[in-house]
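Asker: Based on the sequences and whatever the hints tell you, model everything.
Residue numbers (the numbering used here), protein chains in the order written: chain E, 1 to 124; chain A, 1 to 187.
Any given hint could be a false lead.
Derived Cβ-Cβ restraints for the label pairs, each shown as a range [said to hold, decoys possible]:
(1) E:17 x A:119: 26 to 36 Å
(2) A:50 x E:113: 34 to 44 Å
(3) A:2 x E:48: 42 to 52 Å
(4) E:46 x A:50: 41 to 51 Å
(5) E:114 x A:112: 46 to 56 Å
(6) A:114 x E:116: 43 to 53 Å
(7) E:81 x A:112: 26 to 36 Å
(8) E:17 x A:93: 39 to 49 Å
(9) A:128 x E:19: 22 to 32 Å
(10) E:21 x A:50: 19 to 29 Å
(11) A:114 x E:123: 46 to 56 Å
Computed list of chain A residues with no C-beta within reach of chain E, every gap over 10 Å [as the list claims (entries may be wrong)]:
(12) 23
(13) 35
(14) 36
(15) 93
(16) 107
(17) 114
I should point out that these hints are in silico values taken from the structure, not numbers from a laboratory.
Glycine is no exception: its CB is placed at the ideal position from the N, C-alpha and C atoms.
Read off the chains here:
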Amino acid sequence: MPVTAPSSSEYLPIIVFTLVGIGFVGATLLFSRLIQPHAPSKAKNSTYECGVAPTGNAWQQFNPHYYLFALLFVVFDVEAAFLYPWALAYRRVGMYAVGEMILFVVLLGAGLVYAWRRGALEWE
Amino acid sequence: MDTASLLVFISLGVLTLVPALFVVNSRSIVHAGFWLLPCFLGVAGLYAALEAHFFFVTQLLIYAGAILVLVLFALMLTRNAMNPTESQSNRLKPVAALVCTAFAAGSTFILVKHPWAITTDTPKPAGVQTEALGNALIQNYAVPFEVASLLLLAALIGAIVLAKSDRGPVPEPAPLADLTSGTAGGE
Chain E
1 MPVTAPSSSE
11 YLPIIVFTLV
21 GIGFVGATLL
31 FSRLIQPHAP
41 SKAKNSTYEC
51 GVAPTGNAWQ
61 QFNPHYYLFA
71 LLFVVFDVEA
81 AFLYPWALAY
91 RRVGMYAVGE
101 MILFVVLLGA
111 GLVYAWRRGA
121 LEWE
Chain A
1 MDTASLLVFI
11 SLGVLTLVPA
21 LFVVNSRSIV
31 HAGFWLLPCF
41 LGVAGLYAAL
51 EAHFFFVTQL
61 LIYAGAILVL
71 VLFALMLTRN
81 AMNPTESQSN
91 RLKPVAALVC
101 TAFAAGSTFI
111 LVKHPWAITT
121 DTPKPAGVQT
131 EALGNALIQN
141 YAVPFEVASL
151 LLLAALIGAI
161 VLAKSDRGPV
171 PEPAPLADLT
181 SGTAGGE
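Answerer: As structure tokens, then:
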């Protein structure tokens, strides 16, 4: 398997950045744990709800609409991912590539129009 | 494979497999959903280690970004999603373990025995790779490319039909919740 060492690839900055990010969060939490005074009370331990006493269970069923928006997001995220290799190949292939991408986008656009017409984009 | 590469490969494998184990073993389905994130990141890291740059970015964008959000939203729609008392396994666990071990042994045997064509070429830069992928998509695989768009369209319309099927004042979430969690698992 042609796995390359991290030192020989362009991913070194990403690795360093990830480690620094994790380290920063960890160090901040640890430091705050070390210097904070420890005096818990019932009010302090309750869930922070902008000063209002929290009621009910935090675990409740969400509006199915969220799922619809998440799925729309996935679909158009995948479309965007397809645009990158297309945009690079387009330089050589030309108008044929444009036609194909137009067909691709129009098919997905039809889905968006359908969602719009069904009122799926409106919040109830 | 030199020691540094082996170390990277092993740590990425651990980052992928250990969270995957938690995904199937977590008693709370929401925790299982969140454990998918390090698993997806591990897979992205494996793509990066193989210098498959486009797949690295796509894995982060689509799986760690979009699919995970979709899975979590689907979980939030289910009833009793936070039920930590239920065990995640049943009496078929030994049978499943046997089947999985047999499959793993068979795959390992094939991987080790097959005469893989090993290239000594260095991987191409990201732009060249992605352009080759684009060319393949547009010229050799134009029909699958457009069919992918149809598949996405079908998923879109299916979700709208499911979420908008009842226009009554009191929507009934239970059957929808089962269906949506089913689709999310199949993504």
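Asker: Now tell me if each hint is right for this structure.
Answerer: Verification of the supplied hints:
1. A hinted range of 26 to 36 Å for the beta carbons of residue 17 of chain E and residue 119 of chain A is consistent with their spacing of about 31 Å.
2. Taken as a hint, the range 34 to 44 Å holds for the pair residue 50 of chain A and residue 113 of chain E, whose Cβ atoms sit roughly 40 Å apart.
3. Hint check: residue 2 of chain A to residue 48 of chain E, Cβ distance near 51 Å, so the stated range 42 to 52 Å holds.
4. One distance hint, 41 to 51 Å for the beta-carbon pair residue 46 of chain E and residue 50 of chain A, holds here, with the actual separation near 49 Å.
5. Checked against the given bound of 46 to 56 Å, the beta carbons of residue 114 of chain E and residue 112 of chain A, roughly 50 Å apart, stay inside it.
6. As the Cβ distance of residue 114 of chain A to residue 116 of chain E is approximately 51 Å, the hint placing it in 43 to 53 Å holds.
7. The hinted window of 26 to 36 Å between residue 81 of chain E and residue 112 of chain A holds, with their beta carbons roughly 34 Å apart.
8. At roughly 41 Å, the beta-carbon separation of residue 17 of chain E and residue 93 of chain A lies within the given 39 to 49 Å, and the hint holds.
9. For residue 128 of chain A and residue 19 of chain E, the Cβ-Cβ distance of about 29 Å falls inside the hinted range of 22 to 32 Å, so the restraint holds.
10. A C-beta distance of roughly 23 Å is found between residue 21 of chain E and residue 50 of chain A, which places it inside the suggested range of 19 to 29 Å.
11. At about 54 Å, the beta-carbon gap between residue 114 of chain A and residue 123 of chain E stays in the expected band of 46 to 56 Å.
12. The non-interface label for residue 23 of chain A is consistent with chain E: the shortest C-beta to C-beta separation is roughly 19 Å, beyond 10 Å.
13. Every CB of chain E lies more than 10 Å from the CB of residue 35 of chain A, the least distance being 17 Å, so the non-interface label holds.
14. Every Cβ of chain E is farther than 10 Å from the Cβ of residue 36 of chain A; the closest lies at roughly 14 Å, confirming the non-interface assignment.
15. For residue 93 of chain A, the non-interface assignment is confirmed: its Cβ lies about 28 Å from the closest Cβ of chain E, beyond the 10 Å cut-off.
16. Every CB of chain E is more than 10 Å from the CB of residue 107 of chain A (nearest about 15 Å), matching its label as outside the interface.
17. Residue-level check passed: residue 114 of chain A sits 13 Å from the nearest beta carbon of chain E, beyond 10 Å.
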